[in-house]
Amino acid sequence: MVAMKPAHYHNGVFTTTGPAFPLLSPVDGSQAGIFPEAPRDLVDAALRAAHTALAGSRGRTGVQKPCSILRRTADGIATARSEGFVEAEATGHRAEATRRPRVWPSR
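Numbering-wise (the numbering used here), the sequence shown opens with residue 90 and increments by one.
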């Protein structure tokens, strides 16, 4: 599992303004982390940005381009996972033990 610093991503920037609240495990109710609460002005700014994006070129894009991007991303993830499984079967080691950084070719 990848540890991430909890934050909101808005307008190209990660922000943690505002109070935080506990993130509770549904399994046993223990605290699994914290998450920043989004203040009203951040929510309003995010909504304005979304409306602006939809009024611009993003709104005219249609569903084909974002779907294509998501499919390529999913294919890349599936390929990486299958390579890990093949490594594990070939070497007898778990994929994490043989994992090395990879460079993804641009499409």
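Careful: at least some of the hints might be erroneous.
Stated by the list, open to error - Simulated restraints, written as ranges between beta carbons of each label pair:
{"no.": "1", "residue 1": "D164", "residue 2": "Q120", "range": "20 to 26 Å"}
{"no.": "2", "residue 1": "S114", "residue 2": "A138", "range": "20 to 26 Å"}
{"no.": "3", "residue 1": "A96", "residue 2": "R147", "range": "40 to 46 Å"}
{"no.": "4", "residue 1": "G107", "residue 2": "A167", "range": "35 to 41 Å"}
{"no.": "5", "residue 1": "L113", "residue 2": "L159", "range": "25 to 31 Å"}
{"no.": "6", "residue 1": "D133", "residue 2": "G165", "range": "31 to 37 Å"}
{"no.": "7", "residue 1": "I158", "residue 2": "S114", "range": "30 to 36 Å"}
{"no.": "8", "residue 1": "G151", "residue 2": "P111", "range": "37 to 43 Å"}
Bear in mind the hints are in silico, worked out from the structure with no lab data behind them.
Glycine included, each C-beta is placed from N, C-alpha and C at the ideal position.
Going through the hints against the structure:
1. D164 - Q120: 20 to 26 Å: 36 Å, violated
2. S114 - A138: 20 to 26 Å: Once the Cβ atoms are compared, 32 Å apart, the range 20 to 26 Å for A138 and S114 is violated.
3. A96 - R147: 40 to 46 Å: 23 Å, violated
4. G107 - A167: 35 to 41 Å: 37 Å, holds
5. L113 - L159: 25 to 31 Å: Roughly 30 Å apart at Cβ, these two residues keep to the hinted range, so it holds.
6. D133 - G165: 31 to 37 Å: 35 Å, holds
7. I158 - S114: 30 to 36 Å: For S114 against I158, whose Cβ atoms are near 32 Å apart, the range 30 to 36 Å holds.
8. G151 - P111: 37 to 43 Å: 40 Å, holds
Violated hints, listed in ascending order, are 1, 2, 3; each of the other numbered hints is respected by the structure.
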